[in-house]
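Protein sequences appear in the order of chains A and B. Residues in the first sequence are numbered consecutively from 119, following the working numbering. Residues in the second sequence are numbered consecutively from 65, following the working numbering.
One or more of the hints may lead you astray.
[Said to hold, decoys possible] Quick list of in silico lysine-lysine cross-link-like pairs, BS3-like style, CA-CA up to 30 Å:
1) A:Lys249 with A:Lys224
2) B:Lys177 with A:Lys128
3) A:Lys194 with A:Lys226
4) A:Lys138 with B:Lys177
5) B:Lys109 with A:Lys189
6) A:Lys236 with A:Lys147
7) A:Lys224 with B:Lys274
8) B:Lys177 with A:Lys227
9) A:Lys251 with B:Lys177
10) B:Lys177 with A:Lys212
11) A:Lys226 with B:Lys177
12) A:Lys189 with A:Lys231
13) A:Lys227 with A:Lys251
14) A:Lys249 with B:Lys177
15) A:Lys189 with A:Lys138
16) A:Lys128 with A:Lys138
17) A:Lys243 with B:Lys177
18) A:Lys235 with B:Lys274
19) A:Lys212 with B:Lys109
20) A:Lys276 with A:Lys138
21) A:Lys243 with A:Lys147
22) B:Lys177 with A:Lys276
[Claimed, not checked] Partial pick of chain B residues on the chain A-facing surface, computed with a CB cut under 10 Å:
23) Leu186
24) Leu188
25) Phe275
Since the hints were derived computationally from the structure, they do not count as laboratory data. Fair warning: this is a prediction, and the values are worked out from it, not measured in the lab. Beta carbons are placed, not taken as given, at the ideal position from N, Cα and C, and that holds for glycine.
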Amino acid sequence: MTMIRVENLKKSFGNLEVIKDMSTVVEEKEVICVIGPSGSGKSTFLRCLNRLEEITGGHVYIEGVDITDPKVDINKIRQDVGMVFQQFNLFPHKSVLENVILAPMKVKKSDRKASEKKAYELLDKVGLREKAKAYPGELSGGQKQRVAIARALAMDPKIMLFDEPTSALDPEMVGDVLDVMKQLAHEGMTMVVVTHEMGFAAEMGDRVLFIDGGYIVEENVPKELFGNPQHERTKAFLSKVL
Amino acid sequence: METIVNAFPYLMEGLQVTLYIFAIAIVFGFLIGLVVALFRLAPLKILNWIAKIFVDAIRGTPFIVQLFFIYFGLNSLAFISLDNTTAGIVTVAINAGAYFSEIIRAGIQSIDKGQTEAARSLGLNSTQNMRYIILPQAFRRMLPTITNQAIISLKDTSLLSVIGVADLTQEGRIQASATFDAFNVYLILGIIYFVIIYLLSMLASFVERKFVLR
Numbered sequence: 119m120t121m122i123r124v125e126n127l128k129k130s131f132g133n134l135e136v137i138k139d140m141s142t143v144v145e146e147k148e149v150i151c152v153i154g155p156s157g158s159g160k161s162t163f164l165r166c167l168n169r170l171e172e173i174t175g176g177h178v179y180i181e182g183v184d185i186t187d188p189k190v191d192i193n194k195i196r197q198d199v200g201m202v203f204q205q206f207n208l209f210p211h212k213s214v215l216e217n218v219i220l221a222p223m224k225v226k227k228s229d230r231k232a233s234e235k236k237a238y239e240l241l242d243k244v245g246l247r248e249k250a251k252a253y254p255g256e257l258s259g260g261q262k263q264r265v266a267i268a269r270a271l272a273m274d275p276k277i278m279l280f281d282e283p284t285s286a287l288d289p290e291m292v293g294d295v296l297d298v299m300k301q302l303a304h305e306g307m308t309m310v311v312v313t314h315e316m317g318f319a320a321e322m323g324d325r326v327l328f329i330d331g332g333y334i335v336e337e338n339v340p341k342e343l344f345g346n347p348q349h350e351r352t353k354a355f356l357s358k359v360l
Numbered sequence: 065m066e067t068i069v070n071a072f073p074y075l076m077e078g079l080q081v082t083l084y085i086f087a088i089a090i091v092f093g094f095l096i097g098l099v100v101a102l103f104r105l106a107p108l109k110i111l112n113w114i115a116k117i118f119v120d121a122i123r124g125t126p127f128i129v130q131l132f133f134i135y136f137g138l139n140s141l142a143f144i145s146l147d148n149t150t151a152g153i154v155t156v157a158i159n160a161g162a163y164f165s166e167i168i169r170a171g172i173q174s175i176d177k178g179q180t181e182a183a184r185s186l187g188l189n190s191t192q193n194m195r196y197i198i199l200p201q202a203f204r205r206m207l208p209t210i211t212n213q214a215i216i217s218l219k220d221t222s223l224l225s226v227i228g229v230a231d232l233t234q235e236g237r238i239q240a241s242a243t244f245d246a247f248n249v250y251l252i253l254g255i256i257y258f259v260i261i262y263l264l265s266m267l268a269s270f271v272e273r274k275f276v277l278r
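Can you make the complete structure from the sequences, with help from the hints?
Written out as structure tokens, the structure reads:
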């Protein structure tokens, strides 16, 4: 089943055309890693997938629904599309537990007991049950990011978007977060991951998209993309990061 | 000493009126401020303009002129009839509302936009985002400035004596002329205002400590 279909996506900020023309398809349970130089539009691409950025042109279909249609209830769509940010964006005035149960309770109107039970399961999964009562300010970066993943998972999303989830972390924290993401991938979550972790992309990606200059320059299985890149720009980029 | 003892009960009556007016005006002022701030930040241009004109008009004119406009000006219209206390409450509320709106707007804008993005990506609509994520954080940040404006508004209520509201200042004026002891009456008057404002600041810093941003 096709989870995400992107057709001729365009995105401009004023006169600056960040995404010129991108099309791709993400199937159910696929893990897509998006790589590319900074400023290439890869984060913007990701943020168009749940319309955090208003889309300038083209179409994005989430489970067959065109989210560029102004009549679509975007809040409904977003419940199925979890997102994890580079800067975590935990709610600092709420405890870890409250961060995780907020959306299920307010958006899905789940009762507190069920929401908390689910939250504790998810905190177990990311290894942070004992931090349930702590506040984000008391956590390390890696812990914050794992809470952010648990918070997104609490809505039972069908797709997870990761926007450079390990870029703001100290090196020793990166592994914990990647482990959680690997576990998610193994469980069959459909994932789109913008990342600089080439190791993760190579190991976990079903496909890797190389984005540069507002285009998807190259798209292939990691073995081919990393081992046998077809385009000059891909080669140039990989020679710098590998 | 005796004059003060005699005057004191009248001053306390005036204090009650002052606190009553202040309490109502500050609550409405805050609500006005919240609505105007949301207008100011709304995606609709017309709402932005309404909010901006309102704030500029209030900021650009003296309190006493606003008071006269509402009490004498509006009352001169056939279909409006406000007693002086009501006119006073309305003026303080509107005046405070304009200043509150700027404080609230700045508070809302000071919250990192990542907070909104996280909330919206979880499926919260913009109202839920404001209510559960942005405003609770913004209010903690605004509290010192809000306290400041509340204190200014409390002091502004003393101007209502000009339109004959029997507030603390008005009672003080009456007692000063009745007792011929202006020095002591106004000294006591000042001390009463000082104590009230001091208590208000203590309450505010208590609330601040209680809701400190973690």
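Outcome of the hint check:
1. A:Lys249 with A:Lys224: 22 Å, holds
2. B:Lys177 with A:Lys128: Holds - the C-alpha atoms of lysine 128 of chain A and lysine 177 of chain B are around 23 Å apart, at most 30 Å.
3. A:Lys194 with A:Lys226: 10 Å, holds
4. A:Lys138 with B:Lys177: 25 Å, holds
5. B:Lys109 with A:Lys189: 22 Å, holds
6. A:Lys236 with A:Lys147: 22 Å, holds
7. A:Lys224 with B:Lys274: The hint holds at about 25 Å.
8. B:Lys177 with A:Lys227: 25 Å, holds
9. A:Lys251 with B:Lys177: Holds, at roughly 25 Å.
10. B:Lys177 with A:Lys212: 17 Å, holds
11. A:Lys226 with B:Lys177: 23 Å, holds
12. A:Lys189 with A:Lys231: 34 Å, violated
13. A:Lys227 with A:Lys251: Distance ~22 Å between lysine 227 of chain A and lysine 251 of chain A Cα, so the pair holds.
14. A:Lys249 with B:Lys177: 25 Å, holds
15. A:Lys189 with A:Lys138: Satisfied, since the Cα-Cα distance of roughly 25 Å is no more than 30 Å.
16. A:Lys128 with A:Lys138: 5 Å, holds
17. A:Lys243 with B:Lys177: 28 Å, holds
18. A:Lys235 with B:Lys274: Holds: lysine 235 of chain A and lysine 274 of chain B sit about 29 Å apart, inside 30 Å.
19. A:Lys212 with B:Lys109: 33 Å, violated
20. A:Lys276 with A:Lys138: Cα-Cα ~28 Å, so holds.
21. A:Lys243 with A:Lys147: Holds, at roughly 19 Å.
22. B:Lys177 with A:Lys276: 25 Å, holds
23. Leu186: 4 Å, holds
24. Leu188: At 6 Å from the nearest chain A Cβ, leucine 188 of chain B passes the 10 Å test, so the hint holds.
25. Phe275: 8 Å, holds
In this structure, the earlier hints numbered 12 and 19 are contradicted, and the remaining ones agree with it.
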